[in-house]
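Student: If you want the building blocks of each chain, they are given just below.
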Amino acid sequence: MTIGGIDLFIVVAYLVAIPIFGMYFRKYVKTEEDYFLAGRMLPWWVISMSIIGTNIGAYDYMGAAGGAYRFGIAQANYEWIGAIPAMVLSALLFVPYYWKAGVYTVPEFLGRRYNLAVRVIEALLWGAFLACVLGVFFWAAGLMLNEYLGIPIWVSLLVTAAIVGIYTITGGLAAVAMTDVVQLLVMFIGGVALTVLGLWTVGGWSGLVASITPTHPNHFNLFLPLDDPVIPWLGMILGLAFVLSPAWWCCHQAIIQRTLGARSEWDAKAGMLFAAFPKMFIPVLVVLPGLLALSLNPNLVGPDMDRAFPWLIRNLLPAGLAGLVFAAFMAALISSVDSTLNSAATVWTRDIYQRFFVKNASDRHYLNVGRVLTFVFVLWAIAFAPVTKQFPGIYVAMQSLLSVFQGPTFAITLLGIGWRRATQWGGLFGLLAGVAISSTLFFAAGWSFLYVAWWSFVGALVVTVVVSLLTRPEPTSKLEGLVYGLVMKDDEIQDVISRRAQGGE
Amino acid sequence: MGDWLTGLPLWWGKVIAAVFFFGIAVWAWRRPRSYIYSEAPDNHRWRDLRVWASVLMAIQFLLYLTF
Numbered sequence: 001m002t003i004g005g006i007d008l009f010i011v012v013a014y015l016v017a018i019p020i021f022g023m024y025f026r027k028y029v030k031t032e033e034d035y036f037l038a039g040r041m042l043p044w045w046v047i048s049m050s051i052i053g054t055n056i057g058a059y060d061y062m063g064a065a066g067g068a069y070r071f072g073i074a075q076a077n078y079e080w081i082g083a084i085p086a087m088v089l090s091a092l093l094f095v096p097y098y099w100k101a102g103v104y105t106v107p108e109f110l111g112r113r114y115n116l117a118v119r120v121i122e123a124l125l126w127g128a129f130l131a132c133v134l135g136v137f138f139w140a141a142g143l144m145l146n147e148y149l150g151i152p153i154w155v156s157l158l159v160t161a162a163i164v165g166i167y168t169i170t171g172g173l174a175a176v177a178m179t180d181v182v183q184l185l186v187m188f189i190g191g192v193a194l195t196v197l198g199l200w201t202v203g204g205w206s207g208l209v210a211s212i213t214p215t216h217p218n219h220f221n222l223f224l225p226l227d228d229p230v231i232p233w234l235g236m237i238l239g240l241a242f243v244l245s246p247a248w249w250c251c252h253q254a255i256i257q258r259t260l261g262a263r264s265e266w267d268a269k270a271g272m273l274f275a276a277f278p279k280m281f282i283p284v285l286v287v288l289p290g291l292l293a294l295s296l297n298p299n300l301v302g303p304d305m306d307r308a309f310p311w312l313i314r315n316l317l318p319a320g321l322a323g324l325v326f327a328a329f330m331a332a333l334i335s336s337v338d339s340t341l342n343s344a345a346t347v348w349t350r351d352i353y354q355r356f357f358v359k360n361a362s363d364r365h366y367l368n369v370g371r372v373l374t375f376v377f378v379l380w381a382i383a384f385a386p387v388t389k390q391f392p393g394i395y396v397a398m399q400s401l402l403s404v405f406q407g408p409t410f411a412i413t414l415l416g417i418g419w420r421r422a423t424q425w426g427g428l429f430g431l432l433a434g435v436a437i438s439s440t441l442f443f444a445a446g447w448s449f450l451y452v453a454w455w456s457f458v459g460a461l462v463v464t465v466v467v468s469l470l471t472r473p474e475p476t477s478k479l480e481g482l483v484y485g486l487v488m489k490d491d492e493i494q495d496v497i498s499r500r501a502q503g504g505e
Numbered sequence: 001m002g003d004w005l006t007g008l009p010l011w012w013g014k015v016i017a018a019v020f021f022f023g024i025a026v027w028a029w030r031r032p033r034s035y036i037y038s039e040a041p042d043n044h045r046w047r048d049l050r051v052w053a054s055v056l057m058a059i060q061f062l063l064y065l066t067f
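Chains as they are written, first to last, in the numbering used here: chain A, 1 to 505; chain B, 1 to 67.
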């Protein structure tokens, strides 16, 4: 299917306007901090919208709509109980400590709290994951442009690279965050238009329920029975709500980086917390369309269920609206690509290059390295994108692989901030043990990733505690500003934190 | 997971979720006011992030009660 007329105009206008708008912010980039942390000047409302723009990708539209078609409203658990409580936890516990520590990355924080080995393991994990995800995102963007605009796939990849690369390379996090704001607005306008029109077509909410419930009685239940093979309610609570979701919202570099660029501690916390409000409406954009597609066409089976969203665009939308919804689709993708690009460059520059290759160089040097690395990642993504075509399940595989590390990472970060007795060896062995447990349960025993996440979290927690109690406590001077109790009670420590935040110590 | 778990009724999920939301809200209110307002430009009531957290948890509670 290709689009034309007014739809084509809307899409092209959007694709041209975004890089021009992003380029405007290049004039604010003079230092490494400007580039990676937007000069620590982001207000809370920009942070919140950028967080959601980063979080919601085109895969969410496709995957969540397909999931809703299969499982019903239970798919919304990923946006509600699987996000909102964790965002509160992140905003009021984790974000302030990251921000006050003056770090650029989550691995850098863990390195400061534990030791270099923990930092390197986490940096390599995040660096590799973000780089691979870029290839998948680029391929998805290329496919969408190819399918809807009818241009060859290699041209589509170059167009995507040009659109995202221009403003991400020159403007850094400020350009990424500000364009995310616009893209989120486009996503909401396009998504709401689709949902409203769909609901009107099926006879409103009551019409939707009446058309689906007779054949799918569980499709309007948030919790599915324990014998459900994919999303049983206990797995949703233990694995998703208690572990995977906090791990994502409290430890994901691309998410957390926005808050590190906040102009104040309050803005950092408020940015993360306010993001939970638009997040609650995401099911309206990505889950409800799946139910609408089921109501209008219950004949999609197997993999075709994942095409519920495109089916709706093709069969429901009039001229003009189709272009708007496609622009929303592209906005979701581009806002994830630019954030991933920026975060990948940050991790590789700060945690790898700056730590192991060139130490103590000038600020200008690291700014240039960041730009060059961003450009290298654009080239890498173009080259790697076609490879993902050979492995259709690669994105799911990478997400599953991430879940192997997420439980242990969350466990040591939680103890690192919440328990001053956690030692560097406790953190290192907890991380390694957790990864060993999750790898065994996931690859050898074939458990659901929801239960794997829970038990690897518990395992890492126990090992960290036991090893910490068996090893020498860390000196208080090392923990200042990094651990909960030490920040709340001592004015001198508050001074240390301020100096560290200002000086990038 | 053990077979005994498959016997747990579905409404347990609702109860656990409700306790979870309530617990998060209570935890938020236990954060000191100075911590919540740290570096805020002013002390207006709307900047109290504990209120934001409570509203979020209340909405979550209603959603899981309804569906």
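One should not assume that every hint holds.
[To be verified] Quick look at which bits of chain B chain A covers, simulated, 3 or more residues with Cβ under 8 Å:
1) 31-39
2) 56-64
[To be verified] Some chain A residues near chain B, calculated using beta-carbon distances under 7 Å:
3) D228
4) V230
5) W233
6) R371
Source of the hints: derived by calculation from the structure; they are not laboratory data. Glycine is no exception: its CB is placed at the ideal position from the N, C-alpha and C atoms.
Student: Of the numbered hints stated earlier in the document, which are not met by this structure?
Tutor: 3, 4 and 6
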